[in-house]
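2 protein chains.
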Amino acid sequence: MKSLGVIVEYNPFHNGHLFHLTESKRQTGAEVVIAVMSGQFLQRGEPALVSKWTRTKMALKNGIDIVVELPYAFATQKAELFASGSISILSGLKCDSVCFGSEQGKMEDFQKTISLMDNEKEKHDFLVQTFIGQGYSFPKASSLAFLKVTEDMNDILDLTKPNNILGYHYVKAIQEQESTMQPFTIERTGAGYHDPEFNDTPIASATSIRKHLFDNNGNIEKVQRFVPEKTYELLNHYLYKVGSFHQWEDYFTLLKYRILCSTPNELAEIYEVEEGLEHRVIHTMKESMNFHEFMTKLKTKRYTWTRLQRMCTHLLTNTRKENMLDVSSSKRSEYIRLLGMSRKGQQYLKQIKKDVEIPILSKVSGVDSNMLDMDIRATSTYAMKFNEPARSEWMQQEFSKPPIRYDEEKECFL
Amino acid sequence: MKSLGVIVEYNPFHNGHLFHLTESKRQTGAEVVIAVMSGQFLQRGEPALVSKWTRTKMALKNGIDIVVELPYAFATQKAELFASGSISILSGLKCDSVCFGSEQGKMEDFQKTISLMDNEKEKHDFLVQTFIGQGYSFPKASSLAFLKVTEDMNDILDLTKPNNILGYHYVKAIQEQESTMQPFTIERTGAGYHDPEFNDTPIASATSIRKHLFDNNGNIEKVQRFVPEKTYELLNHYLYKVGSFHQWEDYFTLLKYRILCSTPNELAEIYEVEEGLEHRVIHTMKESMNFHEFMTKLKTKRYTWTRLQRMCTHLLTNTRKENMLDVSSSKRSEYIRLLGMSRKGQQYLKQIKKDVEIPILSKVSGVDSNMLDMDIRATSTYAMKFNEPARSEWMQQEFSKPPIRYDEEKECFL
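Quick mapping for you: the protein sequence lines, in order, are chains A and B.
All residue numbers for the first sequence refer to the working numbering, where the first residue is 1 and numbers rise by one.
All residue numbers for the second sequence refer to the working numbering, where the first residue is 1 and numbers rise by one.
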């Protein structure tokens, strides 16, 4: 079976995702599609709107055949590690191709830019450090350095655009990992990545959808025209069961407790707490009544909002620098955790199983892995939003729940 | 001025405390009374019903002249350290005498028992280890060893009684610290220490009073006849302002978060988490929906409920073994933190100030002390019960609030 990989968050699965999926299948001629999906916490350092299990159902109902979890160790990282973790999993699952959305939309430009940057690496890195020295954040410094290196050139990626940056790192990871997967890209149309407002097309950014879900909590009709019917049903069901969608404010008390009941030295051991940020974090938290206020006060020119939010996620989940040592050096996932599959997905797995070199996990109990422990802690943390007994049931599920199985012909879960 | 020290929790201040205070003044002829009082967490490993500030007010309104805080490092310990910390503070404040309640009620018996135990120390310690080896808890093993050593003797303390045990350690600490304070004891009358039921006298145990406060939350009339009027007013006021009294269940979510989002190694660094208890703690917490269930499942013959509750307090406040190293060796407080004083108390302090060798703290900001950091973390943790903005205001108070001043003639706070 010809297989295609996609790298997703589906927070939530919307019409833009459906368009990308359909178009990817058409362009690559794939018969089976594998999604590697972030778990309970996302790349922007936020809790997912709904759990990874509900998002897995969204994916399966909308045409994905296999959903595997991108481990926390990669899902909450900047583009480079996020990309290499994802690629290692799709490549491990023997995907023939990988297809990603980008602002650029032309594959040649990615290849060309990577070659160029290989040649200009020294100059680029020097410029990045220079701009950081001038007080710019890492992403801004990278953008400026890139613009400087590539001025007067044509057909070069615009690496100030978020999806171009991710795509760049996907293609780079494929090269570095000597994967045989073929990369494809599709131009993103309609809403921009961070566009907070709705327009008159059926495509809206996930950011704008989330904004409307929170602004009109309990009344989600306004987003109906931007998501597939099956997403809408699942969102409604989650809201009915859980009461509200997950957001940072739900975890503010825990974050405050973590920060104010730790010593500065303990906080400095947490991943991404760098350069004395622990003192600023403690000081700011003392004066903050909610998460938004905390972030607003914490923000400086030196650090982006996203960078600080990721740090908060690591504080919340108690993820220490030592936990990430292996991740930063290997840049590859140690396992492939199966969240769900269709009948076709199951067939595909049977077919490739003997060639897969990374362990495929259906359940996590009894597995000894530092990387997996981070996923489990992430779920334990995510579940703290609930009251008992839902909370304990949830945590138990994380150990005992087998992958979701979907019968795509009967359109039902087994 | 002739001064008397008392060691208290006042959780809450009740008629039995008033009786003890009046009788102590009478016996010792003291003109000024100093109470060293546990802060937000108590010796049984529980959060105090109401904050240390409200309990300070109770003390001042009921005849105490100076209230100082027994640091967390001593307040949440077994009898020996609890006693030596308390004695070091009262002795540091130049008290002429110290008076404690006991089941025995005769000072000579304390002295005699201490001499005896000095002589029989080796035999006693050997027996304690033997009984622990047979699976008994430390307090039970100590009791059994003591009974064995003292069988066939007369006028010996009954060291199976909780207040006799504390008194024994007070007197022992006075000797060890070569303090000139003279110890007195008053026989405890009326309700037993742990008696959960009311009887027909105006004296009830603090345990029974707390039980009734929780059983009839929001309706505290039933305890009115067991507490002085001023306690009753302050309890009512606290309830009005805060909504409910503090209890372990209020902190269960935080405890669960602490336990399930830490590694076993991290938990093993917490004070009193010994002998692999970290695994039992994690395993038990996964299955527990509330604090009472957690404790009931955690309890074994080997560990008393109180011992395990103290461990939970240290887990909650993130108190590590390394934090307690100095405490266990020095057994003395590094500072004397003033919580409140009457006019007379203020006069007394003025008079003795130049002779006091331990720093007296009116405010805690800017003081660098590991022991004090534990008190601050205890207050930060204790305040997590509240919603914002009360929570943040509370935490700020801990740094900025000067001692409470009480005018005993006008019966008002200044």
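Please note that the accuracy of each hint is not assured.
[As the list claims (entries may be wrong)] Here are the simulated EDC-like cross-link-like pairs (lysine to aspartate or glutamate), alpha carbons at most 20 Å apart as the crow flies:
{"no.": "1", "chain 1": "A", "residue 1": "K25", "chain 2": "A", "residue 2": "D118"}
{"no.": "2", "chain 1": "A", "residue 1": "K385", "chain 2": "B", "residue 2": "D250"}
{"no.": "3", "chain 1": "A", "residue 1": "K385", "chain 2": "B", "residue 2": "D368"}
{"no.": "4", "chain 1": "B", "residue 1": "K385", "chain 2": "A", "residue 2": "E393"}
{"no.": "5", "chain 1": "A", "residue 1": "K286", "chain 2": "B", "residue 2": "D368"}
{"no.": "6", "chain 1": "A", "residue 1": "K241", "chain 2": "A", "residue 2": "D96"}
No wet-lab data here; the hints were simulated from the structure.
Results of checking the hints against the structure:
no.	hint	verdict
1	A:K25 to A:D118	31 Å, violated
2	A:K385 to B:D250	15 Å, holds
3	A:K385 to B:D368	36 Å, violated
4	B:K385 to A:E393	24 Å, violated
5	A:K286 to B:D368	18 Å, holds
6	A:K241 to A:D96	39 Å, violated
The structure fails to meet hints 1, 3, 4 and 6 from the earlier list, while all remaining hints are met.
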